[in-house]
Structures are given as structure tokens and as C-alpha cells.
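The lines below spell out each chain.
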Amino acid sequence: MPNIDFERRLIPGQLAQVMDAPDFERKLLSVKARLDYEDADIVRVNFLDTFRPELWCIEGLSRYLAPIPGRHYDLTVIENLPEVPTQFLNVPQGTTAWALYVQVDPHLAVVDDGYFLKKVRDQIGFGSHQNLDVSIAAEMEHIIAITIAADDESETQPSLTLVPGMNTVVITALDQRIGAWLLCTFVCNYLDRGYSLLGFASSTNEEELFAKWQPFVLGNAQVVNTFGFSPTFERFQSVLQRQHYLTHYDEQAQTWYISPPIFRLDIIHPVDILEDYLVATGYDFDEIMPRSLASAPATGSQTKRSVLEERLVNYMQAYGARQTVGLLLDSYENLVERMYHDAPQRLIHLVNAVNINREYAVDSSLPPLLRNAVHPTAPLPPTCFYLFTETLALDEKKVAHSRWKMGILLVGTDHPFNNAHTLLDALCYHLRLGPSSQLKRSNHRPLIPGRQMTVSVGETPIGQFGEVHPEVLTRWGLFYPTSFIELDLDAITEMWDGNQG
Amino acid sequence: MHEIVLSDNEIQILQALAKMPGEAPVSIEDLHIDGQLSYAQGLSAMGYLCAKGLAESSEIGIEQKCVLKKLGQVYEMEGLPEQRLWQRLHATSSLTFQEVNDLLPPSEARFTIGLFQRSGLIAISQGRITAQKQDLPASIDNLQRYLSYVKETASGEPENPAEAEALKRQLVEYKPIKVLGYRLTRLGQRQANLYTKAEFQPMVGSVTREMLLSGAWREKQFRPLSVVAPPEIRLELQHPLPRFITYLRRSLACAGFREVAGPILETEFWNLNVLFMQKYHPVRSPRHLLTIEGVSLPADSSEIEARTQACQERFAREYQGLGTSGSRGWGNLDGFDNERVVMRSHSTPVTVRQLAYAQDLPVRVFGFSRCCRARPERPEFLQMDVLVADTAINVSTLVGTIKHICLAIFPDAIDIRVRAAYFPFAEISVDILIVFPDKSSFQIGSAGLLRPESVAALGVPALVGIIGFNVSRLARFLVHNPKAPDPRKPIDPNSIGFDAFDETEIPIHAQHRF
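Protein sequence lines correspond, in order, to chains P and D.
Following our numbering, the numbering of the first sequence begins with 1 at its first residue and continues without gaps.
Following our numbering, the numbering of the second sequence begins with 1 at its first residue and continues without gaps.
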């Protein structure tokens, strides 16, 4: 959702009047945009649609809010341009190159399109010159050696200004369709500025790409099936024409032929055109007449897991334990160093995380519980609290596993191991898992050796419990004896019948 | 005496009321309480006495008080926006508009920049704002002090020019506050007599080890505990976020939807590709999507694997414009990796996956999903996604279904509206607004029809409606937190532990569904 700054000094009179009118914000909504900010120098508009980049320049916005009467932007505009024989050299593999030959009369104003290009590249080119680039040569070039600038992490804005006289505008794009669209948009913008277009050239088969702007065929039945109502002929036609569509209606076949303007990148399916109609008419409820599909009584349901969770919450509430919530992502310091972790290679590392405090995923419910236990507002011990959380971990074969777990922490209670054992037994009984559950000694480094167990039902491990190791407690700054219980809710859900207990 | 159980504080208030001459109601401040009860404790105990039918309240007067309005409360706590912006401006020497917008809400940013500009405090050049003076005008500090004064004293300062400014900006208001007085009911008088005859002394709540060792318990009376009242339900023990999710879950289940769930680790195919996201859409950028390189996910069953494979093949055809949906496609498939593992970046994959595996229509499902994105603030958030696939789905029925769902969640609302929005995988795309009886409306979610290319890739013979909600945003309108500076502050899934949300109140209609 890019924010675009329009400099007031560059805005032509007719558009400026529209921007100063009281219904400007309503009009902006007809191009899915909102007014973000304005002052004496700029008007900042937030465009919701990432794939309407043609709007991110003055000419693009003017075409909708203050159009030039009689101007059409259909495929014939570009089909009528001569194709100039041109040789492109050093075009990187997978990249397409385009050239547009433009004559600028000296009396016409020149505009810097650098800001527009930067916004387009940032939004639909991942900000990389390799994906999308434009350069200008101040003469008519028939042999064009492609050089693509290196990516620049700084916020420098490129300069992209035509000079009076002859210009060759060179576009390179990894995505063919985006390249073709940018060529078409420059064609429309230059025409609106009054420049003369002398021809174009392409390193690829452009006819196939231009075919994307051929008329769409849309039967009346498809309109009604999508809308659930039938718009009047006149309204449908006039609304689309205001959006620069060329329309033709075959009455006998009850079929529309609708050509999108060539500056539209986003029109690839008839439904895109139909949405434009709804947006332009403001989702008129008198026309839509909403009606629910769910009028007949129907019974929904919860997942077994959420039923199980509610059962456990009820039990823990009666026990007097407090529920809390935890974060899935945490820091290396919390998950490895403070946890005294013996296998950090099993943790999921998010290499492109921007926040170093959130670049690893928790592999156990213990870290979020400990994090909460040392939270300034945590209740004073003795206390017991619990949470439900997803955990992620890698196995030996680098397969990532996700498990939904319940973690319980008993802080500062007497007899921490026995208390945890008793609570675990009660929970297993509550879930009717008791008789078949078995305990086996385990060896997890965050728990004290000899005071920790895994719980299994048959061969399936369903949880673990034990006393938290003093080394871990010291590293977290939690100076109370603490015990920990963890239940694997995915494992329990698989063997649990919701009607049990 | 044993039928009505009173705490020590309640007994003190009861006796203080009994000692008051005459039957005229008295305010809490005028009660002569022997013990060390604070005003709040006294008020709380009085509330319990009224609830138990031992005391009753009546209005004994009206006082004109000056109080902070909501915005005034926020400014009093966090500082005026002028001060916040000024401090940041001096700390960083200059700011862009984006940085100002990150610091302040848009309306405050606009107001403050305009004010500074008019006062010559800042200069704006090439989109950057720089300070032109060293100090803010004294009137702004004065306004901040005035807000603190109003908070502490509940009275105004008509002579202070800050008051006119605060009233103009609707930070404070004068309003009549009822003063309540209390007196004993007949039942309360009888109860007070019982305590007088028993020569009341403080009762003991808990038997302690020290008491047992010293034998001091022999001198004490033990406060009786009620065996008639039901066991105390301690709602505060449940965190408000999961409690609110339970409410939403039951609302949706009652409205006829089936809950589904899925793991947060997804393949890029299910997270984005199947939704027909263009190759260079910013949501695919590493600035947005959290990816995990060099790992795989556990193998699915052969049946699911086969269905996924079929979806991938249909998606490939649709993307190139060779599919059955009538789409002209986005182009070639260079650079796509269906198997790359990512953190789920939005909730729709959870419901859409169910659609791919569904045998029959209609499909009406919903799911709650924790989602993660590569951003510095709040990389984790919670979404709720509702999906309807039905042969009768179209724009009219989608909007009607949105209304059905929203009114199930917001029984106080009278209508819903929609307005144009954009979601890359939905065409049409709308924002949902709920309308309350006072005609106020708020955006609470988003919806649309799944792109036809995606529907074709999933192999569904009908249109598909999707409705998404940010759970925190929903909570903003449904959950009240009286202790927060802004009572409608959203529940933040990133707020861990035991903060002010302990006091969060779930609305009555929501509690009934628990």
C-alpha cells in the first residue's frame, strides 16, 4: 500500500481544483486510495492497490480525477506506433528490454519521473534494478548496450528526465509483463504531456504481451453470476467508460466486449473489470441487495484441539492457576544461552527477521513461561501459571516439525517435583489418560538430571515434567525453585475422543 | 448471623453506618471509620453491603467537576503530541513525514505539524522537517501541567489560559457528578445489632502457623465462610486474549461454521502461490515474508500429496494464462519454488487448504492463526479467517453473509457497510464497517471473493468468499479494559504475562457464550 507524495507545485490546475474540492476523499476511494496527509507543499495519497502503479504519478491520477476529454488509451495507441529496428546488446538472461523513442518540443515542460520509477521498483520490483530499470539517452539509439545499475541500499532517488529534442527511453525488466506495462504507461504519460512518440523497439515478441490488452468477452450471465444482480445497460457502460474501458455490446449474443486501457497492469480476468464497476459505484447496497446464505439454522463445530484446550483451561482455573500467553518468536539469547540449550541447531532460525529479538522460533513452552515468570508484573511466588503455544523444531534430517503444546510452570512452591508430578497425574486422570500412561526418566539439559520424566501413552510421548535446572533459573534471574510440565496437545488430540471425561 | 457472611472491612463500614445519627444518607467521606480503611476499600466494602441488601444508596447532591476526557487522559499520561514530536525532533535533528506518522496518529501528526509551521517552530524542506527554535512555547508546558492538575484535583482553573485551549481541543470537560450517600436498610440495622451484641472484634480469615504455636487462636473469632454461595469463578485467572478467542469461536460455531487449524510452517505454495499472488508482489519480498532456507516439512499422506500436486499443476497453467478460469495469467513460472518453507504470513492458507481437500459443497469454515512477518514491530499477530464456498456465492450473498457473521459477533450493531479495499488474492476486495445505533461506524475486517484463478487451481466448482479479521482489532470494539488509559485499547497478542488486562471485562453478551 504505497504512499505517494504529489508536489503541489507540479500539479496542473484542473487536478489541483479536484484536490481542493470537499469531495476529494470520496473521489479517491473510486481508485482505491485514501488521503493520508496534506500541507502547503505536498498531498500524500495512500494507494491501497499495489497493482495499480499507473496511478502513482500526476498523469495517472489525472486520468481518473481530471481526464483529458476525448483521449483514449486502448491498444491501438501502441499498435499505431512504428516498430523501430533496434539491436539490444548484453541483455541479461531472462530479462526483456524495450526502447521508446520520444521527441520533446522545447516549449513543453519536462518532468522528472525518477520518483515514480522508484516507487514502482520498490513495490513491484522488490526494489532491485535487476528486476526493473529505466535509463534515458538524449538521442535516437538503434544499437543499445544494456547496462543495469547495481542495487543501492540508500534511499537515493534516481533522476529520469527527458531533454528537449530526441530521447531514447530504455526499459529492462525481469518480468515481461511488467516491462510491457511500463512501456505502455510511459506512452500514455508522454501523450498526455504532449510529447511526440516516434516508435518503439523490443527484445522480445511484444505481440504476445500486448495481446493481454485485447478485449475481454463477458456474457451477461457471467455478470449476474458474479454480482448476484443485473446492472442496467446504461449504468454499466457509462461507469466502465469513465474508467477508460472501451466497450461494445452484442445484443444478440448478450455479450460485452471490453478492452482495458493499456496503462492497467492488473486487468487479467473479467472479474477485475467487474470489480472496477463496484468500486466506481461505491458498493451501492440499493443495487447489491445483500442476502445471507446462512439464513437456515446450521450447526458449526470447534476443532478437537480447541475443545481439549477449553477442558484443560477449566481444570486449571479450578486448580487456581493463571493463564498467560507467550510469543512464538524470541531471541538467540533467550532460547539458547539462557535455556542452556544443548542442540541449538534444532531451532528454526529466520534469517531475514528484522528484529534480532525475534529471530528464532521457540522449540518448547518453557522459554515463554520463564519469560513471563520474570515479567515485572508476574505474580509473586508461590504461583502456578500456564500457556498454550505452538513450538517448532528441526529433526536430524532438517525436517521442520510443528507441535501444539501446553506448558505449566510452578514457581516457588514447596516440593516442586512432587507438586508437578501430582498436577500431571490429575491432568492425565481428567483427560482419561491416566491408567495407560507411563513415566520414563529423561535427560533434557534445562531440567535437573534425575528429576525429570517423559510421559507416554503406549509408545507415544505425550509430555514431560521435571524441576528446572538452577543454571537455567540463574540465567533467567528467577531465584525460586521451579518445576515444569509440558503436554503435547497434538499427540493427545490424536488419541483423545472429545466425549471422554 | 451465619447466613450473611461479611468481611472485616464490611463489618467496619456496617458499624460506622449504624453509629451515624438519624436516617439521612451519608457519603463515604463523612463516615467515621475506626480502622485504617482507605477510601477505595471503604467504597468497595460499601458496594458489597449494598449488593447483600444491608445498605442502600441515594443521591445526596451534585457537584460540578472538571474531568479529563479520553484524549486528555492519554495526553496526561503520554505527553501532548507537540511535546512528543518536539523531543523526537531535537533528538534526531530532522524527521521525515513517515517518521512523524510512525510517532503520532495521522490526525495528531497533521495538527501538530500545522501548529508548528504556523508558529515558525519548524521548517519543511524536501520532505524533511527541522526545528527552527530551541524551546517550545511556554503555553504548551502550561497545558501539560494543567492536565495533571485536573487529573489530581478534578477541578478546573478558569483563569488559566490553558483551560480555554484544553476545552477547545476537547481534552477536558465540566460535568455534573452525582454524590451518593448511604444508609442501612432494616436488614442492615438488624445485622449491625448482632455485631454490637457480640462485642465485635476483628475476625480471623486464615489459621496461621504462628497462631497455632502461640495458642493465640484461642482468643480469636473465626470469620465464617459461606457454604451456600457457589464456588468463586475467578475469571481473572484466564488471560483475556484466549478468553476473547473462545467467544469468537463460539460465535462462529453458533453461526454455522466449522473451525479448522493448521501449522504455522507452510510451503510457499500454500501460503502465496495457490492464492495467485503475482511473482513480484511485495508480499513475496524478503522484507515481508519470513523464509526458512534448507529445511523441509513432514511428508503428507499420499492422498493429500496427490491433491496438492494436482493443485500445483492447475496453478501453473493458470499463472501462464493457460488454465480454465479465463484468466490471461501473469506470465512465466521462472523463480517459483512451491516447496520453500515459510512462516505463515496471513491466515487464509489455513482455510484455503481445507477447501482443496473438501469433498462436497458448501464449505463453511473458520480458523484462528498466528501469523509472522519480517517487520521490526509486532512480527507476530493473530488473524481470524472465515471461508464460504457455495454455488450460490456472489457479491450479494457474500455481503449478506458478512452481515450474518458480523452481527453474530457484534449483537449491538445494527448494520454493516462495505467499501473498496485491496487484497491481492481477492477480487472483489472490501473493508467491512459495522454500524452502531448512534450511526457511528468502524472498520472491523476485510472480505472478498477469492480470485477465480485461485478457485480454479483449487479445483472448486463455485465462487469462494473469504472474510478476515484481525483479532486485536475486533477486541478493540468488544472488550473493555477500565484500567487502561484508553478503555478500548486492543488486546495485544504481544502483551505477555500479567498486565492491566487482568481487569479486562468481556461484554455481557459475550460472557453468556462462555
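Among the hints, a few may not be true.
Subject to a maximum C-alpha distance of 20 angstroms in a straight line, what follows is the list of computed DMTMM-like cross-link-like pairs (lysine to aspartate or glutamate) [claimed, not checked]:
1. K398/P to D30/D
2. K398/P to D337/D
3. K439/D to D284/P
4. K397/P to E293/D
5. K439/D to D286/P
6. K397/P to D300/D
7. K439/D to D415/D
8. K398/P to D300/D
9. K304/P to E259/D
10. K398/P to E293/D
11. K398/P to E339/D
12. K27/P to D431/D
13. K119/P to E268/D
14. K397/P to E339/D
Distance ranges between label pairs, derived from CB positions [claimed, not checked]:
15. A154/D to T156/P: 18 to 24 angstroms
16. L43/D to D395/P: 55 to 61 angstroms
17. F24/P to R375/D: 36 to 42 angstroms
18. R375/D to D395/P: 49 to 55 angstroms
19. S7/D to E310/P: 48 to 54 angstroms
Just so you know, these hints were derived from the structure itself, not from any lab.
Idealized CB from N, CA, C, for every residue including glycine.
So, going through the hints one by one against the coordinates:
1. K398/P to D30/D: violated (73 angstroms)
2. K398/P to D337/D: holds (18 angstroms)
3. K439/D to D284/P: Satisfied, since the Cα-Cα distance of roughly 18 angstroms is no more than 20 angstroms.
4. K397/P to E293/D: holds (14 angstroms)
5. K439/D to D286/P: holds (19 angstroms)
6. K397/P to D300/D: holds (16 angstroms)
7. K439/D to D415/D: holds (9 angstroms)
8. K398/P to D300/D: holds (16 angstroms)
9. K304/P to E259/D: holds (9 angstroms)
10. K398/P to E293/D: holds (10 angstroms)
11. K398/P to E339/D: holds (14 angstroms)
12. K27/P to D431/D: The given pair, whose Cα atoms are some 17 angstroms apart, holds under the 20 angstroms limit.
13. K119/P to E268/D: It is violated: about 26 angstroms lies between the C-alpha atoms, which goes past 20 angstroms.
14. K397/P to E339/D: holds (16 angstroms)
15. A154/D to T156/P: 18 to 24 angstroms: violated (55 angstroms)
16. L43/D to D395/P: 55 to 61 angstroms: holds (59 angstroms)
17. F24/P to R375/D: 36 to 42 angstroms: violated (31 angstroms)
18. R375/D to D395/P: 49 to 55 angstroms: With Cβ atoms ~29 angstroms apart, the hint is violated.
19. S7/D to E310/P: 48 to 54 angstroms: violated (33 angstroms)
Hints 1, 13, 15, 17, 18, 19 from the earlier list are contradicted by this structure; the remaining hints agree with it.
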